[in-house]
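Top to bottom, those sequences are chains F and B. Using the working numbering, the letters of the first sequence correspond one by one to residues 59 to 337. Using the working numbering, the letters of the second sequence correspond one by one to residues -5 to 392.
Please note: incorrect hints may appear among the correct ones.
Stretch-level coverage of chain F by chain B, calculated; a stretch enters the list once three of its residues show a Cβ under 8 Å from a Cβ in chain B [to be verified]:
#1 79 to 86
#2 117 to 128
#3 133 to 142
#4 184 to 191
#5 198 to 204
#6 237 to 243
#7 251 to 261
Everything labelled a hint here was simulated from the structure, so no lab data went into it. Glycine included, each C-beta is placed from N, C-alpha and C at the ideal position.
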Amino acid sequence: MSMTATVPRFRIGRVVYLTVCGLIFTFLLAPLVVIVPLSFNSEPYFTFTEGMLRLDPEAFSLRWYRQIASDDVWARALGNSLLIGVTATVLATSLGTLAALGLSSRAMPARRLVTGLLISPMVTPLIISAAGMFFFYSALGLSQTHLGLILAHAALGTPFVVITVTATLSAFDRNLTRAAAGLGAGPFETFRRVQLPLIAPGVLSGALFAFAVSFDEVVVVLFMAGENQRTIPRQMWAGVREQLSPAILAAATFLIVFAVLLLGTVEWLRRRAGTSVGA
Amino acid sequence: MAGAVNRPRLRAAGLALPLVAFIGVTFAVPLATMLVRSVYDPIVADALPDTLDQLRDWNGEGAPDEAVYAAAARELLLARDERTLGRVASRVNRVRGGLRSVVVNSVRRLREIPAGPWREAMIDIDADWGDAQTWQAIRTAGDRLTVRHYLNAVDLQRLPDGSIARQPPDRRIYLRLFLRTFAVSLGITALCLLLGYPIAHLIAHARPNRAGLLLALVLVPFWTSLLVRTTSWIVLLQTQGVINDLLVAVGLIGDDGRIALVYNMMGTVVAMTHILLPFMVLPLYSVMRTIPPQQMTAAASLGARFPKAFRRVYWPQTISGVGAGSLLVFILAIGYYITPALVGGQTGQLISNFIAYHMQVSLNWGLAGALGGILLGCVAVLYLLYDRVVGVERMRLG
């Protein structure tokens, strides 16, 4: 009797639980899923037209993609985003990897304090960082320059490199460096031929994080960029604030595809790091 | 011997040094200068040094001597030539409302006056120059160091007699704003926990292949541009948007009864919960993965119903994940700027938006610095707590 009573209750609980989870996943994904078809809207609206719901091919078009592709402003924004993003990433990754190597050493003095300082750009409210950087960089003549934005974005990206590389290093088997040293390799050669190949996936995913930070950053850009440094997020901001047009949705779809590619790469690297470093 | 002990220390420190220096120059020093700006305001002191010097001998009652007027006339004209007059006038205006136009208009007319005596000339241009309160305001504005911005940021003011009092009721905005920011962030944290807990549980105890897929569904929004996600919420929630269309189509609301879901606090809360949810799911998932699912089965076979088994067995083991996720979400929420700015409308603005306003529109940089300083202080306390409880280097990123 008690058995028959608990089984349905268990089933009902399970169904409720799975339904709730399904709704939460819908909440997570709906915003991304809705944007993609709307970007093919042939009308200048932000909502599904009747034609779209009937799947009428007339209701869909590439006009917003064509508009973005033919618009110089978007092309220049993409150029700026890539230039600033790539340069900031190289800077953040090299400095961040070196620092992570130091922080992972047991001999590191004041490790907690230094780690706290190096991670702080990640948790400081962006508006405060941006305001401070605006004043300081203006005084140095670096506002409204690419260099200023590169330095700012590199600073914001380094915590992500430090965290991912430190995490990879914590799984690193220190006996390997000792073995290399025992076989006569100097510290630099040990790093280049033993440590670096093994932590490379961690370094790369840190770099991708740093790039994603720069590629998505808009607050510092709002404060510091002039006309010549407008980036993709800055264009999106202008589009949402000033003239809402479905062209924004085409750009957004492009960015979603880009995010999926980035995520795929990072997950692939994580799996590689997981199998090769082991320890 | 000492050298042998210290070499690894030096090497480790040497590796970290370049980044420490880089963060110092590109990030920490700029932040510090912003905070200094909130207590150090030399604009009037630099523009009117002689005037302030002369005012030192003035007893604070009645109109000051001709020497003060002569110095003020000369230095105000100079400030106009050097294009600092506007900022001087704004600064004085913040001590005593209405003085901006007095200063700016008077200087325009002062240019036409070839020579003194300046006292009559200035009082003739504007009777306010004969008012002791005008000169008191200039003297107060001439202090380089000031706690005025911090007083302002917590709705206090310094009265002319030097005592500290609350702002008049219609100017008390910032304490409420801080409270609102905290309350909203707390609400968003609670929502993230409520939504994040079940799906983290689902992912943590699913079969490996399915878990990978479900985790990817959490991570795709995490990697997608913030602006994209905010834009999508506008598309979904606006009055002519997808959700309202859907509600009208199924007949829940009439076409004239469309609900304002965005450009208000609702928009801010929904969009921010969506954006911050992955930051809650990831630490929860990390912790839940280590809990053997057999424990709950064991509890059930020992007679505990689900609520009791959950409360006594499962939940206590997830506390560290709950703490890590909640702290992180709360820290990120109280400093949020972009999303409230785009979807918050008038009522959904948080403290960061007012900092931006004072940076870009009102140009009251000192107040922006003070509001930022208080916000930064709150974040710093929470960050230290996070470091204590979780350890900053163990933050999980995707």
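Query raised in the report: In ascending order, which of the hints set out earlier in this document are inconsistent with the structure?
Result: 2, 3, 5, 6, 7
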